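S.K.: Letter by letter, the chains look like this.
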Amino acid sequence: MVVQQALHQFLDHSARKFPDHIALDEFGIGTITYRDLASLSDRLRDGLYHLGVRRGDRVGVYLRKSIDAVAAIFGILKTGAAYVPVDPGSPASRNAYIFNNCSVKAVILENRYEKNLAAEMGQGREMPKLFLLEGTGGGLPLRQALEAAQEKDPAPTGDTESPSLDELAYILYTSGTTGGPKGVMLSHRNAISFVDWCSETFDPNEKDRFSSHAPFHFDLSILDLYLSIKHGATLVLIGEEVGRDPVRLAPLVSEKRISIWYSTPSILSLLVQLGKLEQYDYSALRTVLFAGEVFPVKHLRLLKTLLPRPRYYNLYGPTETNVCTFYEIPNRIPEDRTQPFPIGKTCSHLRTKVVDIQGQEVPVGEEGELCVSGPGVTQGYWNLPEQSVTAFLENGFDQRWYKTGDVVVEGEGGDYVFVGRQDRMVKKRGYRIELGEIEACLYGHPKVKEVAVIALPGEEAGILVKAFLSCREGKRPSLIELKRLCAENLPLYMVPDIITYLDTLPKTSTDKIDYQRLKEMLG
Amino acid sequence: MLYTMEEPKKSVKEYILQEFLPGENPDELTDSTPLITGGILDSMAIMRLITFLEEHFRIELQAYETGLDHLNSISDIAKLVQSKLPVKVVG
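So the protein sequences, as listed, match chains C and W.
For what it's worth, numbering that gives the first Met the number 0 labels the leading residue of the first sequence as 0, then goes sequentially.
For what it's worth, numbering that gives the first Met the number 0 labels the leading residue of the second sequence as 0, then goes sequentially.
For the record, the hints were derived by calculation from the structure and aren't laboratory data.
Here the structure is a predicted model, which means the values were calculated and not measured.
Simulated pairs of lysine to any residue, SDA-like, Cα-Cα distance not exceeding 25 Å:
id	chain 1	residue 1	chain 2	residue 2
1	C	518	W	17
2	C	474	W	33
3	C	128	C	90
4	C	427	W	45
5	C	465	W	47
6	W	12	C	496
7	C	465	W	27
8	C	465	W	12
9	C	427	W	35
10	C	474	W	17
11	C	255	C	17
12	C	402	C	100
13	C	465	W	19
14	C	448	W	27
15	W	9	C	496
16	W	8	C	486
17	C	474	W	25
18	W	12	C	463
19	C	446	W	35
20	C	426	W	45
21	C	426	W	36
22	C	427	W	67
23	C	465	W	22
24	C	465	W	32
25	C	446	W	33
Interface residues of chain C toward chain W, partial, derived using beta-carbon atoms under 10 Å:
id	residue
26	428
27	477
28	480
29	482
30	483
31	487
32	489
33	491
34	496
35	499
36	500
Think of the CB as a built atom: it goes at the ideal place given N, C-alpha and C, for glycine as much as any other residue.
This is chain C alone, in the form it adopts within the complex:
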């Protein structure tokens, strides 16, 4: 095996070893071989150089999932720049914010997004260079755009850069709980150390067929893209529409003989409930990976009953570290088990520890915040020097520990169990309160539409629990009714101190409840 120097070398290496293997299969559109994908990415590399892109720059990717998008990603990597993928489904204002935030030199985008992006980005700044595609699909629009550019103004053939392992490969923006989205900086080392762990753990080969379910702006895509291409396997690109439709997805997984599946649990739950899985042949499926949320045990049990052959793994890790712990689901799941499975043991390329508020390690079996160290861990957030410091444990030694903000406890057999998000757990008069539990209780009232519970500093009690809710039409439930509902289902100390009715709860740009804004509300 060639010693990896940079992420894009996985592609060039596989193109030499398996030139005629299918690298990508864009469902319903077409396929591309390793040789052709490598050459297409080389041509885009040269086109980007010609636009002025240089090693160390950032280049935006504003494309729907397609062969074109993958070629774009590799073309960018080959210039030594970092790619910054955005969600085409997000508002142009959010995507413009991201591109301005990390000062992209260029953006590769479909012309359908150009007008709105330009309008949002304008505002007195210098616009990045735009490389426009008529659309996406099978790599054809990218080819056409390159040919058209070549005719007008030919780009000289250049070389693929070999950035050092600690140079950035991509920046993934996550919605911060406070303020705007934060750009998590990820280096070649970050990605490769993770991909190598995957190779060791899941043992893929060139005959495997990987699903690409996650969009490229989610870090699940790092496993899909780079593990598949590293091993000369085929990556089946699944677009957003089909990806959320279990009725169309179920036959696709069978038809395309997917052998390694990776996604969030929610689509697996939908597949098991609505996909009529018993109708299709899944004999090729050997590994099912899921991450990002808790998988309700009853759905997982049903899935394993319908598809008993594959090995199932629960993967855990924030964008800042990619996967850092993993757990193989046991063969048999007892009928009465409702408790979610552990997040498991630390991946071999990383180290973890569980700490208290002071940053001291807790004794085994006690709860605390999970911290991660090693080559998979981000260097920090783009242009957020303060947050890049506070996200890490202060340490006199040269080990940097990333604080995940997740509370875990080491259980039986040395597996970590996920307890909850730290900022959603507070102490009131010595009692531990999970704010999410209070929300769940209030949702139990039929008239309640949306709930958000926060904790604010209070005078005597230390903290004040405040619930905001929006109600359905008609007579809204009284404070007394709601407090009684809580008192009947929760310990009395968890009954909210203040309940406020709003017409609707404020939302962030990614359509989640805006807890920060609620905290700032007066009265």
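Got chain C sorted already, so can you dock chain W onto it with the hints?
M.R.: Showing chain W alone in chain C's frame:
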């Protein structure tokens, strides 16, 4: 002054609405609405209520009179207050 049961009920109800149920429709709070088991009064609130009762009605409450048995409804509180008040016949 002759206190009927109505007076303590009225001022206790007003106090509870004002301090612990801001904005609530007064009709929702009845004489029998469970206050402690209904999550309206937590331990801090109970302490504040006791201080109010003692100051407003000039009575003294014993520790054993400050629990669930005596303070869980406006009726119960009024009964407790009544039992502590000197009764004079106006005539």
